[in-house]
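Respectively, the protein sequence lines represent chains X and A. Going by the working numbering, the first sequence opens with residue 1, and the numbers climb by one from there. Going by the working numbering, the second sequence opens with residue 1001, and the numbers climb by one from there.
If you're looking for bench data, these hints aren't it; they were derived computationally from the structure. Since the model is a prediction, treat every value here as computed from it, not as a measurement. We put the beta carbon where it would ideally sit given N, CA and C, even for glycine. A few of these clues could be false.
Claimed, not checked - Calculated Cβ distances over 10 Å to all of chain A for the following chain X residues:
no.: 1; residue: Arg25
no.: 2; residue: Arg29
no.: 3; residue: Ala47
no.: 4; residue: Arg76
no.: 5; residue: Asp78
no.: 6; residue: Gly86
no.: 7; residue: Arg93
no.: 8; residue: Leu95
no.: 9; residue: Gly139
no.: 10; residue: Glu160
no.: 11; residue: Asp163
no.: 12; residue: Lys173
Said to hold, decoys possible - Computed Cβ-Cβ distance ranges for the label pairs, DEER-style:
no.: 13; chain 1: A; residue 1: Ala1144; chain 2: X; residue 2: Ala31; range: 23 to 33 Å
no.: 14; chain 1: X; residue 1: Ala31; chain 2: A; residue 2: Met1001; range: 46 to 56 Å
no.: 15; chain 1: A; residue 1: Met1001; chain 2: X; residue 2: Ser157; range: 19 to 29 Å
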Amino acid sequence: MRENEDGPNGSANHDPSDAEALARRAVQRDAGAWEQVFELHYRHVFAFVRYRLRSGEEAEDIASQVFEVAYSRADRFDYRGVPIEGWLIGIARNLVRDHIKKLGRRGIDDEFDDSLELSEPDQSDAVGLRRDLLDAMRGLTGDQRQVIELRFLLDKSVLETADLMNRSEDAVKNLQRRALAAMQRALVSDGYPGSGGAE
Amino acid sequence: MTPDRIDDLLERALERGVIPTEATPDERAAVQQLLNQAAALKRNASLIEQEASAAMPTARARFQRHLADQRAGLQAPVALPAKPKRGALSRWFGGGAMALASSAAAIAIVAVVALVVIQPFEGVESASALTVDDYVQVEGVVSATNDGVVTVQSAELGNLEIALTDLTAVSDANGARQASTLRPGDSVLVSGVVTAKRAIAASNVAVADNTGVPTAIAERKIPLLQKFRPNLQGSVSLITLSPDGKRARVLLKTATESFLVDIDARSMDQFLAGTPRPLGALVRIVEAPDLPGGVFRLQPVEPPVISPTTGAAGDAPPEFQGVRGIVVSRNANILMVKTDRGTVPVIVRLTTSIRFGDSGLSVDDIRNGERVIGYEVAITGNTDPESPRRVIATIIVVIGKAP
Chain X
1 MRENEDGPNG
11 SANHDPSDAE
21 ALARRAVQRD
31 AGAWEQVFEL
41 HYRHVFAFVR
51 YRLRSGEEAE
61 DIASQVFEVA
71 YSRADRFDYR
81 GVPIEGWLIG
91 IARNLVRDHI
101 KKLGRRGIDD
111 EFDDSLELSE
121 PDQSDAVGLR
131 RDLLDAMRGL
141 TGDQRQVIEL
151 RFLLDKSVLE
161 TADLMNRSED
171 AVKNLQRRAL
181 AAMQRALVSD
191 GYPGSGGAE
Chain A
1001 MTPDRIDDLL
1011 ERALERGVIP
1021 TEATPDERAA
1031 VQQLLNQAAA
1041 LKRNASLIEQ
1051 EASAAMPTAR
1061 ARFQRHLADQ
1071 RAGLQAPVAL
1081 PAKPKRGALS
1091 RWFGGGAMAL
1101 ASSAAAIAIV
1111 AVVALVVIQP
1121 FEGVESASAL
1131 TVDDYVQVEG
1141 VVSATNDGVV
1151 TVQSAELGNL
1161 EIALTDLTAV
1171 SDANGARQAS
1181 TLRPGDSVLV
1191 SGVVTAKRAI
1201 AASNVAVADN
1211 TGVPTAIAER
1221 KIPLLQKFRP
1231 NLQGSVSLIT
1241 LSPDGKRARV
1251 LLKTATESFL
1261 VDIDARSMDQ
1271 FLAGTPRPLG
1281 ALVRIVEAPD
1291 LPGGVFRLQP
1301 VEPPVISPTT
1311 GAAGDAPPEF
1321 QGVRGIVVSR
1331 NANILMVKTD
1341 RGTVPVIVRL
1351 TTSIRFGDSG
1361 LSVDDIRNGE
1371 RVIGYEVAIT
1381 GNTDPESPRR
1391 VIATIIVVIG
1401 KAP
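Isolated chain X, as found in the complex:
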């Protein structure tokens, strides 16, 4: 298994021609290509899922499912002009949606399951997530939330975000500002005045 060659954050900013060659091999279910796809994109897929679920364990499970589903549907992936990460994120979004629906049918109407460990502050930095931030994100529109996730959680540039969302760069900047402002308002109303950085 080769190591991630795209930096410590696992961002997949590789050459477009390389990306297309990799996608072409992935469509043909080349195992080596899929191992590479996993190394390049797992962290981002996990992060995308993790921000939607309170349970880290369920996020791990669904992030793994994303790659299994993608592999099974490889022959349906049209790699021409579509980043493979965008396709994976789309699968992740659907799996999370299905998962939340299942929770709803079981009487859990909140995608953040309060019975699990991240409902309370933890002594460890490793699990000391700002749950208030995640809650504030839930008040955003779908597009605003996606911009926040891509820009600040997955560390995408404005250009990459625009590409993944099929929007203009100006639209991304506009959504970004509105989203941050909405989150700031939500946190102020919840008792986090101004700074947005209450620890």
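Given chain X's structure and the hints, the job is docking chain A onto it.
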């Protein structure tokens, strides 16, 4: 101050880390608030990144197995008959992710065990030493290897078939090693779950020097100690623990004979917590009026002796690492344990035997969300092949709340 102007200033501030100097005081204030939000989000993102890194080895192994299964045209079954019964704690330590991650490995275990159990049963006398689904630690010498299954000759139990999977953590004095490197003659310490009367699905294997291929050992009848015998002491050469934690048994080897001895669960927990290397430890069997008939206590006797199984005194026996400290955090199935030597990440798997000792905790507490943070624990395990800093636990004894 227009929205487009703020968009522009914000983006430049995000790129450069400072608000452009041409911003007016009002614009600066507005952008600064947005930057604060962005900074908080990025701090959260770095924590998620840590979670992703911790989850990645398990996810990678799961995906590789998925690819292998797909290539082989296999379909993962929904139910796995040989899955160890660790349900009560599986949600706590890994839940669905770990269960699914281990499913393919369990398939492999089922396959090899299916081959193992059709073989003739060699020693009826020793059958009672191993109960299906029990956790077990046993020592022996590898006498044969065959495509993921090694035959280990135990001095007391005879030949045992040990199923190895890609989730089996194998290590020696130099750290992690591949299961495929095991050779006849290797002294091994095996822990895992009994899947058939003479078969063990190994979770952890410690390897010591190669002592040469063992000669066949005659099967012997091993009696179960039912009545107390004063001054009975010897070395522990087998440990078994029931999945519910209530039954514990050792095989005690004295200078002249061997016994299976049922041990009070609390006494076993104290022994495991206080003995760095349980197998080979010298113990005395103690009677207690509050225990039911046929159940005894273990009392360690100093100094520990080398198990006769591994050869002459002076040979380095195979052994697991010991980690003792306080749990400071838990992230999915990884405990961070603060020890005298620093903080050690400990991976807990479905096959890890978790003992609650005198901690006051129970399985019900775990079901209700107890995370053992702040509790002192004694852990044995071996090196994670993915990271030499991490330990894959085979036994965890929760000692109690740290002061």
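Consistency of the hints with the structure:
No beta-carbon of chain A is positioned within 10 Å of the beta-carbon of Arg25(X); the least distance is around 13 Å. The beta carbon of Arg29(X) sits about 8 Å from the closest Cβ of chain A, which is not more than 10 Å, so the claim that it is off the interface is violated. Interface exclusion of Ala47(X) from chain A breaks down, the closest Cβ pair being 5 Å apart, not more than 10 Å. Distance check for Arg76(X) against chain A: the nearest CB is about 15 Å away, which clears 10 Å, and the non-interface claim stands.
No Cβ of chain A comes within 10 Å of the Cβ of Asp78(X); the nearest lies about 21 Å off, and the non-interface call holds. Listed as a non-interface residue, Gly86(X) keeps its Cβ farther than 10 Å from every Cβ of chain A; the least gap is roughly 18 Å. Distance to chain A confirms Arg93(X) as a non-interface residue, since its nearest Cβ pair spans about 17 Å, more than 10 Å. The beta carbon of Leu95(X) sits about 13 Å from the closest Cβ of chain A, which is more than 10 Å, so the claim that it is off the interface holds.
The claim that Gly139(X) is not at the interface with chain A holds, since no C-beta of that chain comes within 10 Å of its own (minimum 13 Å). Against the 10 Å criterion, Glu160(X) stays outside the reach of chain A, whose nearest CB is about 14 Å from its own CB. No Cβ of chain A comes within 10 Å of the Cβ of Asp163(X); the nearest lies about 16 Å off, and the non-interface call holds. A beta-carbon of chain A is positioned within 10 Å of the beta-carbon of Lys173(X); the least distance is around 4 Å.
For the pair Ala1144(A) and Ala31(X), the beta carbons lie near 32 Å from each other, so the given range of 23 to 33 Å is met. The hinted range of 46 to 56 Å is satisfied by Ala31(X) and Met1001(A), whose Cβ atoms lie roughly 55 Å apart. Taken as a hint, the range 19 to 29 Å holds for the pair Met1001(A) and Ser157(X), whose Cβ atoms sit roughly 25 Å apart.
Checked against the numbered hints given earlier, this structure breaks hints 2, 3 and 12; the rest are met.
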